[in-house]
Amino acid sequence: MFRLEPRSTRSYTAAWASPVLALVLTAVTGGVIFMAMGKDPGAALYLYFVEPLTTGSGLSEVAVKAGPLVLIGIGLSFGFRAGVWNIGAEGQYIAGAIAGGGLAVYWHQSESALLLPAMLLLGTIGGMTCAAIPALLKTRFNANEILVSLMLVYVAELLLVHLVQGPWRNPQGWGFPGTRMFPDAGTLPLLLRGQRLHLGSVIVLAAPFIAWFVLARTRFGFRIKVFGQAPLAARHSGVSSGRIVWQTLLIGGGLAGLAGVIEAAGTIGQLMPKISPGYGFTAIIVAFLGRLHPLGVLLAGIAIAVTYIGGEGAQISAGLPKAVTGLFQGIILFYLLAFDLFTRYRIVLPTRDTIQE
Amino acid sequence: MTDQPLLSLKGIRKTFPGCVANDAVDLDVAAGEIHALLGENGAGKSTLVKIIYGVLRPDDGEIRWQGATARIHNPAQARQLGIGMVFQHFSLFEAMTVLENIALALPREDTSVLRKRLRDTADAYGLDLNPERHVYDLSMGERQRIEIVRCLLQDPKLLILDEPTSVLTPQEVDALFATLRSLAAEGRSILYISHKLEEVRTLCDKATILRAGRRVDDCIPASETARSLAEKMIGRRLEPIAHQAIAKNDSVTGISVSGLEVQSDQPHGVDLKDINLEVHGGEILGIAGIAGNGQVEIMGALSGETGAPRAGQIRILDTDVTHLGPVERRLLGAVFVPEERIGHAAVADLTLVDNSYLTAAGRMKFSSHGLINWSSVSEFAQTVVRDFDVRTTGVDALASSLSGGNLQKFIVGREILQEPQVLVVSQPTWGVDAGAAAAIHEQIQKLAKAGAAVLMISQDLDEIFLLSQRIAVISQGTLSAATPVGDATPEDIGLLMGARHTQEPENPRVPA
Chain U
13 MFRLEPRSTR
23 SYTAAWASPV
33 LALVLTAVTG
43 GVIFMAMGKD
53 PGAALYLYFV
63 EPLTTGSGLS
73 EVAVKAGPLV
83 LIGIGLSFGF
93 RAGVWNIGAE
103 GQYIAGAIAG
113 GGLAVYWHQS
123 ESALLLPAML
133 LLGTIGGMTC
143 AAIPALLKTR
153 FNANEILVSL
163 MLVYVAELLL
173 VHLVQGPWRN
183 PQGWGFPGTR
193 MFPDAGTLPL
203 LLRGQRLHLG
213 SVIVLAAPFI
223 AWFVLARTRF
233 GFRIKVFGQA
243 PLAARHSGVS
253 SGRIVWQTLL
263 IGGGLAGLAG
273 VIEAAGTIGQ
283 LMPKISPGYG
293 FTAIIVAFLG
303 RLHPLGVLLA
313 GIAIAVTYIG
323 GEGAQISAGL
333 PKAVTGLFQG
343 IILFYLLAFD
353 LFTRYRIVLP
363 TRDTIQE
Chain P
638 MTDQPLLSLK
648 GIRKTFPGCV
658 ANDAVDLDVA
668 AGEIHALLGE
678 NGAGKSTLVK
688 IIYGVLRPDD
698 GEIRWQGATA
708 RIHNPAQARQ
718 LGIGMVFQHF
728 SLFEAMTVLE
738 NIALALPRED
748 TSVLRKRLRD
758 TADAYGLDLN
768 PERHVYDLSM
778 GERQRIEIVR
788 CLLQDPKLLI
798 LDEPTSVLTP
808 QEVDALFATL
818 RSLAAEGRSI
828 LYISHKLEEV
838 RTLCDKATIL
848 RAGRRVDDCI
858 PASETARSLA
868 EKMIGRRLEP
878 IAHQAIAKND
888 SVTGISVSGL
898 EVQSDQPHGV
908 DLKDINLEVH
918 GGEILGIAGI
928 AGNGQVEIMG
938 ALSGETGAPR
948 AGQIRILDTD
958 VTHLGPVERR
968 LLGAVFVPEE
978 RIGHAAVADL
988 TLVDNSYLTA
998 AGRMKFSSHG
1008 LINWSSVSEF
1018 AQTVVRDFDV
1028 RTTGVDALAS
1038 SLSGGNLQKF
1048 IVGREILQEP
1058 QVLVVSQPTW
1068 GVDAGAAAAI
1078 HEQIQKLAKA
1088 GAAVLMISQD
1098 LDEIFLLSQR
1108 IAVISQGTLS
1118 AATPVGDATP
1128 EDIGLLMGAR
1138 HTQEPENPRV
1148 PA
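Taken in order, these protein sequences are the chains called U and P. If you use my numbering, the first sequence closes out at 369, no skipped numbers anywhere. If you use my numbering, the second sequence closes out at 1149, no skipped numbers anywhere.
Just so you know, the hints here were simulated from the structure itself, not pulled from any lab data. Predicted, not measured: the structure shown is a model, and the values here were computed from it. Beta carbons: idealized from backbone N, C-alpha and C, even for Gly. Be aware that a few hints might be false.
The calculated label-pair distances, taken between Cβ atoms and stated as ranges, are [what the hints assert, rightly or not]: (1) U:286 with P:1030: 52 to 58 Å; (2) P:1026 with U:154: 43 to 49 Å; (3) P:1031 with U:159: 39 to 45 Å; (4) U:14 with P:1037: 21 to 27 Å; (5) P:711 with U:218: 55 to 61 Å; (6) P:711 with U:345: 32 to 38 Å; (7) P:945 with U:14: 52 to 58 Å; (8) P:641 with U:353: 42 to 48 Å; (9) U:95 with P:1037: 15 to 21 Å; (10) U:345 with P:1086: 56 to 62 Å; (11) P:1037 with U:40: 31 to 37 Å; (12) U:144 with P:1011: 31 to 37 Å; (13) U:17 with P:911: 50 to 56 Å; (14) P:747 with U:253: 48 to 54 Å.
The following residues of chain P were derived to be distant from chain U, with all beta-carbon distances above 12 Å [stated by the list, open to error]: (15) 747; (16) 749; (17) 772; (18) 868; (19) 957; (20) 1067; (21) 1099; (22) 1129.
Build the full structure now, drawing on both the sequences and the hints.
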C-alpha cells in the first residue's frame, strides 16, 4: 500500500514536474477520448499538439494566440499570488480594446506616429479603470472582488456590442456590426510577410522577464508574496492590505487592457462584437498551469495556444468538434491540481528503511 | 493493586520525515500513579502521548495495557480502553455552552441526565463549572475544566494532560493539582507532560525524562532538585541566570503610553481601556496576565499594525508615533516580536532569508530604490542562525521546517540583531524548550543591559519574575500600575490576574 507523507519542505522538482505530467496525462486521456469517438488517437493527437508547431504559419498563429494569454496570465499571477482573485480579465481586456481602439476609430485618417503608442497607453488605462472598480469596492466596502470583477465582464461585453452596432459602426460597413478598419498608423506592423505575427508579440515576450525581475528582486514583489501567504505577517512587516489590492488589480487590469488593444490593433485591425475567444478566462488556467511564475506562464501560454490552433486544425481536417479544445483545457487544469498534492506530500512505500533520510 | 503496570511501552520508535521523534522509548505507568513525562520541546513527549492516545501509530515497539498487548488505532479505541487526554490546545466550540460541548463528545445521552452527571462529577473533584455558560465567556482555566470533566465522564483509568498549567493562574494551578491528587487517590493514573520542573517535583510520584526522542532516565522527582532535573532534561550543566539589577536609565524613555483606548478588531477580542505605561532605557517591564485579556490588542497598538487607536497617545523614544505604521516605528528604533510565530512573526512557506527581510528590511537597509539586495539579507540571516544557535539545515530552509524553539530563537535573533533601542515582545518562550528559553531570556537581558527599553508580555509568571524589574498586570483590557519586582509576590500578581473574573463574573462586556 502506498502512503502519503508530508514533506518537510516544498519540493521544487514536484512543483515543476506537475505541469509537465499534467500535459502528458492530458494527451493520454485525450487519446482515450479520441478512440471512444472512433478516431485514430495517434493521428488526432498529432493534429492537436504537433502539427501547429511544424509549419511557419502554425507557429505564427501559436504566437498570435499565446500573446494575449501570456500577457493576461502574467497580470493575473500578481493578484493570485497575493490572494486577490481577479476573475474579470476578460472584461478588462475588452475595456482596453475599447479605450485604445476608440482612439483609432476617431482618428481614422491619422498618420501620426503617436497614434499607436497613445492607443497602447489608453488601452492599458482602460483595463486599469475596469479593474479599479472591484479594487475600490473591495477596499471601501469589502465587496468580494471575484463577483464584482466577473460581473463587469458582461458590462464590458455589452458596451462593446453597443458601440460597434451604434455610435462607432462603420458608415461604409453595409450595416454589419463593426468599426472602420484602423488606419496604418494605428495598426501594429506585421513582422513576416504573409503571416499574422505582429509587433505585439515582441511586447508580450518582454512581459515575463520584467515580471520575473519585479517578483524576485523588488520590495513590491516580496510584499505580494508575503501578503498572499500570511496576511498577518504582511501587516506586521508594514504592508497595507488596501494598497496590495489596488496594486495587483491595476496590474492585472492594465496588462489585460494592453492585451485587448494589442489584439485589436494587431490581429484584428478593428473593433468587432466579439474580439476574444475567452482569453481572459483561459488566462486563469494559464496562470496556474505556469505556477504563477512569469516564465512558467510564458510556457503555459504557448502550450494552451497550441491546443487552440490544434483544435482549429482538428475541426477542419478530422471533423472533431470545437468543444474538444475546452475539454482539453479542463483536463489539464484537473490533472494539474491533482499533481500539486506532490509538492507538499510524497508517496512512501511502507518499508522501514525508506523513511530514514 | 497488582504490581503489573497499567500501561507499559517497550521500545517505541516513531520517525517523521527528517527526524526520529521517538527511539527505543520504554515507559511504565502504575495504577494510581501521577507520572511525569519530562523533556524539552521537541524531545518527543507529544509524539509519545499521541501514540498512546491512538492519534499516531508507532513504527516499532509494543504497547501493553493492563498486561495485554494493545493495538490502539484511533482515539475512540483509546477511550474505550480507558485512556482520556486533555490536549494543550483545547478543542471546544466557543459559541456553544459547556453542556453542549460535552454532549458532542459523548455517545448520545439525555440532556437532563447528562447535566446531572456533569454536576456530580464536577462537584466530586472540585471542578467548578456552570453547564449553561458559553465557552467564549470562560477563562482558560474554566475551559480546561470542561476538557477534564469531559474525560472524567468516560471514567478513564489513565488521564493524559499535555502542559496543563501553561494557561492557568497560580490559584488555578493549585486547584488543578488538588483535583489530580484526588483522582490518583481513587486509583486512576495520570500521565503529566510538562517542562516546568517545580510542578513536577511537587505533584508527581515518578518521572520519565526524554531527550531527543530517547528515554534518558527514570527518577523520583521529589528526591531531585529542579536543577538536577533540568540538567537531565537538557543533557548538560546549567548556568543559572542571575537576576540582574539593571541600573535603569531615566534619561531615555523607550515607550510611553497615555490614556490609550483601543477597540479590538478580533472576534471576541478585548477592548483596551485607559492604558498608561512607561518603559525606560535599560529596563524590562513585564506585563503579566492570562491570555485573552488584551495582550494581542496591546501588541498590535504598540507595533502600529492595527492602525491608530481610538484615543490616547503612544510615544516611542520621545517621538509621537500614535499615527505611524510599523515601518516608521521600526525605523525609529523599535522592534516587535508578536506571540504567534507562524503566520504573524514569520511566514511558514518562505525561507529564513525571506523571513529576515520581512521585518529587518528597513532598519538594515536591505533595499534601495525598491530593489532588494538579497546577498546582504542572506548574510544577515546567516548571522542570526549562528549567533542565536538556530538549528536548521541552512538559511534557505523554510520557516515551517524549524521546530518551535528554533524558530523562536530565529525570530528573537532577527529582531535583536537589528540593534533596537526598544523591544516589545509577547510570550517570548511560549511552547519553547528549556534550553531555547534560557538562551532567549539571556539575550533579552543582554539587550536591556545594553540600554534598550524592553516591554515583555507573558503568561508565564516565572518568566515575568525572572526578567522584569517592574511588573504590571493586564486584565480585561485594563492595566494595573507597575510594581517593582521586589515588592510583589507571585500570589499578589496572581490575584490581580484573576481579580476581574472573580469580582464580576456575570457582567457582560458593555460596548462603549
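Quick rundown of the hints versus the structure:
| no. | hint | verdict |
| --- | --- | --- |
| 1 | U:286 with P:1030: 52 to 58 Å | holds, 54 Å |
| 2 | P:1026 with U:154: 43 to 49 Å | holds, 44 Å |
| 3 | P:1031 with U:159: 39 to 45 Å | holds, 44 Å |
| 4 | U:14 with P:1037: 21 to 27 Å | holds, 24 Å |
| 5 | P:711 with U:218: 55 to 61 Å | holds, 57 Å |
| 6 | P:711 with U:345: 32 to 38 Å | holds, 36 Å |
| 7 | P:945 with U:14: 52 to 58 Å | holds, 55 Å |
| 8 | P:641 with U:353: 42 to 48 Å | holds, 46 Å |
| 9 | U:95 with P:1037: 15 to 21 Å | holds, 18 Å |
| 10 | U:345 with P:1086: 56 to 62 Å | holds, 58 Å |
| 11 | P:1037 with U:40: 31 to 37 Å | holds, 35 Å |
| 12 | U:144 with P:1011: 31 to 37 Å | holds, 33 Å |
| 13 | U:17 with P:911: 50 to 56 Å | holds, 53 Å |
| 14 | P:747 with U:253: 48 to 54 Å | holds, 49 Å |
| 15 | 747 | holds, 42 Å |
| 16 | 749 | holds, 44 Å |
| 17 | 772 | holds, 24 Å |
| 18 | 868 | holds, 30 Å |
| 19 | 957 | holds, 18 Å |
| 20 | 1067 | holds, 17 Å |
| 21 | 1099 | holds, 27 Å |
| 22 | 1129 | holds, 34 Å |
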